[in-house]
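S.K.: Start from the sequences and build out the full structure, keeping to the hints where you can.
Okay, here's what each chain looks like letter by letter:
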Amino acid sequence: MVAAPDPQYDFEAAARDCRPFLLQIAVASARNPVDAEDIVQEALLRGYRGIQRFRGDCPLRIWLSRIVVRVAINHHRSAARRLKRWVFFGDVEMEHEDGTHHEFDPPDRSRSVQREKIMDVDRQVNRLPTEFKVPLMMLAVDGMTIPEIAEILEIPQGTVKSRVFYARKRLKSALENRLERNRK
Amino acid sequence: MKVDCQWLSTNLEAFFSDSLDAQQLQLASEHLKTCLSCRSEVQALRDMDPLVKQVLKLRMTKALAAAHAPKRSAAFQLGLAGTAVALVGVLVFVVMGRTGGLGDLLPASQTTLQSESRPNSQNSNDVKVDDEIPALRAKPDAPAPKSPGIKPGPEPPITNTSPAFLVTDPAGYSTNLEDYRGRVLVIGVWSEDQPEAAQNIQKLYQAFGSRKEVRILGVTSRNQERPAGTTFPMVFNNGSRLLDIRSSDFAVVDKEGNVQMRGSLLVDPNVLTPRIRAKLDESGGR
Numbered sequence: 001m002v003a004a005p006d007p008q009y010d011f012e013a014a015a016r017d018c019r020p021f022l023l024q025i026a027v028a029s030a031r032n033p034v035d036a037e038d039i040v041q042e043a044l045l046r047g048y049r050g051i052q053r054f055r056g057d058c059p060l061r062i063w064l065s066r067i068v069v070r071v072a073i074n075h076h077r078s079a080a081r082r083l084k085r086w087v088f089f090g091d092v093e094m095e096h097e098d099g100t101h102h103e104f105d106p107p108d109r110s111r112s113v114q115r116e117k118i119m120d121v122d123r124q125v126n127r128l129p130t131e132f133k134v135p136l137m138m139l140a141v142d143g144m145t146i147p148e149i150a151e152i153l154e155i156p157q158g159t160v161k162s163r164v165f166y167a168r169k170r171l172k173s174a175l176e177n178r179l180e181r182n183r184k
Numbered sequence: 185m186k187v188d189c190q191w192l193s194t195n196l197e198a199f200f201s202d203s204l205d206a207q208q209l210q211l212a213s214e215h216l217k218t219c220l221s222c223r224s225e226v227q228a229l230r231d232m233d234p235l236v237k238q239v240l241k242l243r244m245t246k247a248l249a250a251a252h253a254p255k256r257s258a259a260f261q262l263g264l265a266g267t268a269v270a271l272v273g274v275l276v277f278v279v280m281g282r283t284g285g286l287g288d289l290l291p292a293s294q295t296t297l298q299s300e301s302r303p304n305s306q307n308s309n310d311v312k313v314d315d316e317i318p319a320l321r322a323k324p325d326a327p328a329p330k331s332p333g334i335k336p337g338p339e340p341p342i343t344n345t346s347p348a349f350l351v352t353d354p355a356g357y358s359t360n361l362e363d364y365r366g367r368v369l370v371i372g373v374w375s376e377d378q379p380e381a382a383q384n385i386q387k388l389y390q391a392f393g394s395r396k397e398v399r400i401l402g403v404t405s406r407n408q409e410r411p412a413g414t415t416f417p418m419v420f421n422n423g424s425r426l427l428d429i430r431s432s433d434f435a436v437v438d439k440e441g442n443v444q445m446r447g448s449l450l451v452d453p454n455v456l457t458p459r460i461r462a463k464l465d466e467s468g469g470r
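So the protein lines, in turn, are chains A and B.
Residues 1 to 184 (this note's numbering) make up the first sequence, in order.
Residues 185 to 470 (this note's numbering) make up the second sequence, in order.
The calculated label-pair distances, taken between Cβ atoms and stated as ranges, are:
{"hint": "1", "chain 1": "B", "residue 1": "GLN227", "chain 2": "A", "residue 2": "PRO59", "range": "32 to 40 angstroms"}
{"hint": "2", "chain 1": "B", "residue 1": "SER193", "chain 2": "A", "residue 2": "PRO156", "range": "23 to 31 angstroms"}
{"hint": "3", "chain 1": "B", "residue 1": "TRP191", "chain 2": "A", "residue 2": "ARG181", "range": "30 to 38 angstroms"}
{"hint": "4", "chain 1": "B", "residue 1": "GLY273", "chain 2": "A", "residue 2": "THR159", "range": "51 to 59 angstroms"}
Just so you have them, the derived chain A footprint on chain B, three or more residues with Cβ under 8 angstroms:
{"hint": "5", "segment": "190–200"}
{"hint": "6", "segment": "228–237"}
Just so you know, these hints were derived from the structure itself, not from any lab.
All values reported here derive from a predicted model rather than from experimental measurement.
For each residue, glycine too, the CB sits at the ideal point set by N, CA and C.
M.R.: See below:
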C-alpha cells in the first residue's frame, strides 16, 4: 500500500528539482550509466512511498540520494547475477583491446583528454571496489562537497577523505600498470 | 620531527585526509617545495580528479542518451518477447510431430470416449498395424489404459477412506491431528457465503487465541481470501473428511485427538463463547 506523503512536501515538485542531481548520483554509483535513469525512477518511487520516514533532518535531495545509492548498488548486484557471463566476456575483451596505442600519462590540462583514453579510465574506475569508487565519482559531481558525500553515504567525513585517497591511489596504480603492460 | 620522503609516503593518506596537525602540515608543505619526487607523487594523485570528472561527463552522456531512447529499448524487449513466443511455437510443433500429431492433444476424456464408443472392430484394425504389442490388444474389451500424467479435472471425492483430518495453510504446509497432539483444538468451518461463521471464529480466536495450549483453526473447503477484519489462522481442507464437521459448524478436539464437542457457529457468540470456554477448561486447554 502506498503511504500518503506528508502534505508539507510537494514531492513531485521537489523530485523534479533534484532530478538532474540525482541522475548524477546514479551515474556516479551505478556500474553501467545506461541504468541511471531507471535507478532514479525506482528511487523516486521508493522515496514517494516512504516519505513518511523522512524526518527532515537533512535536505530532501540528500535523503533521496541515499535511496539512489542503495538502488544503484542493488541494481548492479541483480544485474551482475543475471549477466555474470556477459560481464566475464566483457573483462576478457578489455584485456585485448586498445593495443599499444593508448598510453597513460599525467593529463595535460591545456588540452582535452581523448575519449578513448577516458573510456579506459572508466573501465579502471569500474574495477575499483564500490566503497572506493562511489565517493571518488561523487566528488567529481559539480558542487559536491565532502560533507555532502559523508551525509549521503552516512559515513564520517574522514572516512570519505580516506576512501577518496585510496581510490585515487588505486586508480593511479591501475593506469600505471596498464602503461607498463602496453610498453612490454 | 623530521619530515622526509619516507615520512611523507607513510603519512600521505593523512596529508590528503586533512588529518595532519598544523605543524606537520607546515613541515610537509616545506618538504614538498624542495622534493621533486614527492611533489610529483602528490600531483599525480591530484591529477586523477580531472580524469574522473571526464569519466563522469562521459557517463552522463551515455545515461542521457539511454534515457532519451526508451523506444529502442522497448522495441528490443518486444522483439525478444516475439522471438521467445516464436521459439515456443516451434518447440510445440516439434514435440507434436514426435508424439504422433494432433490426436495426442485432444483431452484425455475425449480420447477415452472415442475408444470406448468404437468397440471391437476399430481395435481389431489396430492389432493389424501394431503387431509388436499383441498382449495389449488381445483383450479388446479391456478398458483403455489411463494416460499417465493427466490429472482428472475435479478433486477426488471425499470418501470413507479419505484421511480424517488433513489441512493445508496458505504457505502450503499440511498438518493433521497428530501435529496438534497435546493442544486442545477448536476447528471452525466457514465458507465465503457465510461470513457470520468467519466472524464468530474470529471472536473465538480473540477470546482463546492467547491460551498456550489452545489452537484455533478456521477451515475452508478451498484456499481463499481472508475475510476483512479477521486474524485467525486460516487453513483449507486438503481432501480429508474434516472430522465430519459440516460448514458453519465447529468441533473441539482434546489433547488426545478425540472430538469432545460439536456445534453450530451460527449462534450468538455470547452463548457460544462461554460454552466453549467451559469445554476448554475441562479439556485442560489453558
